[in-house]
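**Q** What follows is each chain in one-letter form.
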Amino acid sequence: MTELARLHDDLFARMQARPSPRWKLLFAITGGLTVLLFALIAYTFATGIGVFGTNIPAGWAFPIINFVYWIGIGHAGTFISAILFLLEQHNWRNPINRLTETMTIFAVMQAALFPVLHLGRPWFAYWLFPYPDLMAVWPQVKSALPWDAAAVTTYFTVSVLFWYLGMIPDLASVRDHATSRARRIAFGIAAMGWRGSAQQWRHWRVAYLMLASIATPLVISVHSVVSSDFAIGLTPGWHTTLQPPYFVAGAIFSGFAMVIVLAIPTRYFFRLEHVITDRVLDNCAKLMLITGLIVAYGYLLDDFGAYYGGDPAERTLDFVYHPRSVIFWVTMGCNVVVPQMFWARRMRRNRTALFVGSLLVLVGMWGERFMIIVEGLLRDHIPSAWGTYTPTLVDLGILAGTFGFFSFLYLLFVRFVPFIPASELKEEA
Amino acid sequence: MRRGLVAEYADADALLVAIRVVRSRGYTALEAFTPFPVHGLDDALGARRSPLSIAAGVGALGGAAGAYALQWLLVGYLYPLDVGAHPPHMPLPFLIITIEMGFLFGGLAVFLACLFAARLFRLWDPICEVPGFESATRDGFWLAVGADDPKWDGRELEAVMHGTGPRALHGFGGLG
Numbered sequence: 036m037t038e039l040a041r042l043h044d045d046l047f048a049r050m051q052a053r054p055s056p057r058w059k060l061l062f063a064i065t066g067g068l069t070v071l072l073f074a075l076i077a078y079t080f081a082t083g084i085g086v087f088g089t090n091i092p093a094g095w096a097f098p099i100i101n102f103v104y105w106i107g108i109g110h111a112g113t114f115i116s117a118i119l120f121l122l123e124q125h126n127w128r129n130p131i132n133r134l135t136e137t138m139t140i141f142a143v144m145q146a147a148l149f150p151v152l153h154l155g156r157p158w159f160a161y162w163l164f165p166y167p168d169l170m171a172v173w174p175q176v177k178s179a180l181p182w183d184a185a186a187v188t189t190y191f192t193v194s195v196l197f198w199y200l201g202m203i204p205d206l207a208s209v210r211d212h213a214t215s216r217a218r219r220i221a222f223g224i225a226a227m228g229w230r231g232s233a234q235q236w237r238h239w240r241v242a243y244l245m246l247a248s249i250a251t252p253l254v255i256s257v258h259s260v261v262s263s264d265f266a267i268g269l270t271p272g273w274h275t276t277l278q279p280p281y282f283v284a285g286a287i288f289s290g291f292a293m294v295i296v297l298a299i300p301t302r303y304f305f306r307l308e309h310v311i312t313d314r315v316l317d318n319c320a321k322l323m324l325i326t327g328l329i330v331a332y333g334y335l336l337d338d339f340g341a342y343y344g345g346d347p348a349e350r351t352l353d354f355v356y357h358p359r360s361v362i363f364w365v366t367m368g369c370n371v372v373v374p375q376m377f378w379a380r381r382m383r384r385n386r387t388a389l390f391v392g393s394l395l396v397l398v399g400m401w402g403e404r405f406m407i408i409v410e411g412l413l414r415d416h417i418p419s420a421w422g423t424y425t426p427t428l429v430d431l432g433i434l435a436g437t438f439g440f441f442s443f444l445y446l447l448f449v450r451f452v453p454f455i456p457a458s459e460l461k462e463e464a
Numbered sequence: 003m004r005r006g007l008v009a010e011y012a013d014a015d016a017l018l019v020a021i022r023v024v025r026s027r028g029y030t031a032l033e034a035f036t037p038f039p040v041h042g043l044d045d046a047l048g049a050r051r052s053p054l055s056i057a058a059g060v061g062a063l064g065g066a067a068g069a070y071a072l073q074w075l076l077v078g079y080l081y082p083l084d085v086g087a088h089p090p091h092m093p094l095p096f097l098i099i100t101i102e103m104g105f106l107f108g109g110l111a112v113f114l115a116c117l118f119a120a121r122l123f124r125l126w127d128p129i130c131e132v133p134g135f136e137s138a139t140r141d142g143f144w145l146a147v148g149a150d151d152p153k154w155d156g157r158e159l160e161a162v163m164h165g166t167g168p169r170a171l172h173g174f175g176g177l178g
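Protein sequence lines correspond, in order, to chains R and E. Going by the numbering used here, the first residue of the first sequence is number 36, and it counts up by one from there. Going by the numbering used here, the first residue of the second sequence is number 3, and it counts up by one from there.
If you're looking for bench data, these hints aren't it; they were derived computationally from the structure. Just so you know, these numbers come straight off a predicted model, no measurement behind them. Be aware that one or more of the hints could be misleading.
[Claimed, not checked] Reference listing, derived: stretches of chain E covered by chain R, where coverage requires no fewer than 3 residues with Cβ under 8 Å from a Cβ of chain R:
hint	segment
1	32-40
2	85-94
3	104-110
4	151-158
[To be verified] Looking from chain E toward chain R, a few residues come up when the C-beta cut is under 10 Å (computed):
hint	residue
5	27
6	58
7	121
8	124
9	129
10	133
11	138
12	146
From the three backbone atoms N, C-alpha and C, an ideal C-beta is built for every residue, glycine too.
Work out the full structure: start from the sequences and follow the hints.
**A** Written out as structure tokens, the structure is:
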């Protein structure tokens, strides 16, 4: 048997292993959370968004935090699959690129739920798009919100195209070596008649390169556009030119944390330690450390801006409110202190440290979004407009539900789809 | 390629050598099938560079131009609204959607062009009936020569391909 055949059989045998009881248990738990999510969405639609804790002055709260957070999670996927592709980091990009692209797509799906939920009248969500309208009222493109709709739609669509195009050769592999007729037909349709001819590869390579080149600026542009939702507002903590780079760095930071959180159990359950090696995780941890440092620099610069700008509202927020806020200290601990342990190679190679550290970063980045979005609104320019905010059980349930739905989709994906890009690993071999 | 001869080789180098041999005999209707994109295969087959980057460029420019025009039409012309004392036609805020739609339509164009150029959606081909051809997506490197080749001479070609040391040699589409 040739080296290639051995690699192929090994990868596909592992990817198509029968689900273990632990997979089934996780599947049941995440399935339950998914049901909870859709039940709460139905409840919200039926009752109205009064069921959220969102109030005046905190008119943007959990739904917007979750939107920004989930969009951010997606970024590392595109970073790995597109930017590292163009930079030719194939040896550590290839083993995880499909996992991370999938993570991107599922994360953006969670994010896309929230603006619609937050509309109050979700059945008018299509007003965001410039359809031929008899009332002659169209999206106001001088506002940041239609920019957001355009950026997120583009990001999702291009991510799906890039992901699917990259997967076609492997879908054809599954089709050609399928054991049952049903699988053969399903994957035969999904692979769209891919035969690996030189003509197909020739066009495929150029198309893949082009999509990578298109996805690369999207990594930077999407969260920059999301950040302008805040940056062009006057609220303290929002109104700063710091936002776009700070949001993008934070997005990639939290995305790499999610990559590590997904990759460690995946390689464990499917026994893929020889494919998703310690070196791959080591590099992810390094990038998490770097983007974490950029985020820490962002916190510093934010405080400097408040001090140097001299705006009383900004100063009150940064120097009076934040030091008394639990969320602020949790964020600083998780995002600034915790990643510092990844300076040590020993920690980057330690599964438990990586996993726990990444989970804490995920908590910290959620806290950061809360800090930016809600705390600024609670300490607006006029003290008489100050207020408090408490989330409701529905808010918390929907947040938990999106984590469940995300994991549910991910579990289904690793069960049915070739999640290691076999053809790209063969090329490297 | 509906009829012809097809041979399987154990590795990419053997395939490239075989292509050189068969082409040196004047055959031109060649196609190779490999489990991954093989470096140098296009040069060996004498194929031109894929023109798909043009599709991406045209799609991106068209998308961007259309988006800008649409924004101008909607908020600059049909329903001008005074926002922050900005003029109705204001290029700066239009730029973001313009750029995003450039990316979106560039991506869609190159994806659809790839499906078209790579002849996808053709789920079956006579060559799929060749026994063992499924190794083209596993570890086999296949070379097919079509019977529509102007130089076609089945017996001679069979001898030539035998000489290149294939793992297997078959006819397809009703040939031998």
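**Q** Which hint numbers does the structure go against, in order from smallest to largest?
**A** 4, 5 and 10
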